[in-house]
Amino acid sequence: MHIRILDKYIFREVFKAFIFGICAFSAVFIGSGTLFKIAKYITDYGASLSAVIKIFIFGLPSVIMWTFPMSMLLATLLTFGRLSSSSEITAMKSCGIGFYRIAAPAVLMGLIVSICAIAFNEYVVPWANTAYRNVLYYEIQGNNGMKSQEHIILKDIQDGKIQRLVYARRYDGDTQTLQGVTMQDFNEDGKVSHVENAEYAEYSMNKWIMHNGMLYDISEGQSEHSMRFDTQVLPIKANPKQIVREQKDPEELTMKELRAQINIMKTQYVDTNKLEAELYQRITVPMASLIFALIGVPLGLQPTRNSSSAGFAMSVIIIFFYYALMTMGNALARSGAVAPMLAVWIPNIVGLIAGFILIRRASR
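Take 3 as the starting number for the sequence shown in the working numbering and just add one per residue.
No wet-lab data here; the hints were simulated from the structure.
There may be inaccurate statements among the hints.
Heads up, simulated DSS-like pairs for lysine-lysine below, C-alpha to C-alpha not over 30 Å straight-line [said to hold, decoys possible]: (1) 268 / 39; (2) 268 / 209; (3) 268 / 250; (4) 258 / 157; (5) 39 / 157.
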């Protein structure tokens with residue numbers, strides 16, 4: 003019974019400090035980034051009050067997402083630093099309660115925060131980013147910002163099955179052309195039955211006309227018939243504005259959509275390192291909350307961590323090193339020097355090793 007009361011007490015203290023951390027770090031990010039952007043939109047585009055409010059609200063989820071790990075680290079440092087300085091940890095140990103039992107509620111909360119952050123990153127952040135982009139492009143910039151774009155993907159899906167897939171390496175807004183076009187038709191079994199490649203497609207008389215291409219009829223994975231063509235109508239109904247509007251930035255895609263886009267781009271032999279790094283970070287960044295809990299608990303118990311200012315300073319230093327490693331891992335992933343999955347996990351692997359070493363020392 004006493005152990006359960008103790009668990010609730012530690013969990014509650016960590017949770018309160020965690021909420022404080024989210025508010026504090028969010029305020030820093032909003033003050034240094036979001037408000038600066040809003041001021042720029044007002045001065046450059048004359049953004050209306052309603053558009054500014056929408057931008058602020060839709061920009062919050064992506065900001066909060068980054069504060070979860072930071073707040074978890076700060077919460078454990080502050081909570082266990084206070085418990086240690088007020089001799090509450092000493093009192094717990096004198097009652098025969100071991101270090102691992104004392105640390106368990108904080109580590110459990112770190113795990114819960116990580117799981118919730120993954121769900122938040124999957125279901126809330128992409129939707130909010132899409133809403134943010136729509137307000138920015140269509141209400142503030144008046145659609146002036148959506149001209150040329152890389153990697154255009156259009157899918158025709160009926161009854162849950164993909165019927166046609168069109169991929170273009172680039173859309174040029176000045177000439178209204180799709181460059182490096184590939185169209186794939188699928189049969190009822192979901193296998194490719196027909197492929198058309200073209201150097202480019204131009205929008206003329208409400209139709210997309212492909213130029214200088216080749217078409218292939220495919221059966222059982224092999225080309226049975228091929229023919230070169232000078233011009234061919236691309237069977238898509240979307241006009242240039244609709245095509246660009248349908249495209250999403252990687253930050254607007256869910257993990258499922260990211261995987262699908264990566265698979266499509268790989269069939270076109272396009273470098274997907276950037277997208278793969280984005281995909282794996284959807285897991286690694288939320289999981290940092292658990293890792294920071296493992297680091298924060300033993301560090302919070304150090305005798306030098308006896309004030310909130312010391313805990314805050316320590317959290318800033320650790321966060322700096324973590325995000326420096328994350329930036330390095332991102333660069334390695336995007337350059338292809340290291341496999342994207344391994345590269346983006348580097349900061350978490352280092353953090354996990356450091357956490358276990360610190361916990362082992364603290365338990366002695």
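Hints and how they fare:
Pair hint residue 268 plus residue 39 does not hold up; C-alpha atoms about 35 Å apart against a cutoff of 30 Å. For the hint linking residue 268 to residue 209, the alpha-carbon distance of about 28 Å falls within 30 Å, and the restraint holds. A C-alpha spacing of about 18 Å is found between residue 268 and residue 250, which places the hinted pair at or below 30 Å, so the restraint holds. At roughly 15 Å between alpha-carbon atoms, residue 258 and residue 157 fall within 30 Å of each other, so this suggested pair holds.
Of the supplied pair hints, the one linking residue 39 and residue 157 is violated, its CA atoms being roughly 34 Å apart against a limit of 30 Å.
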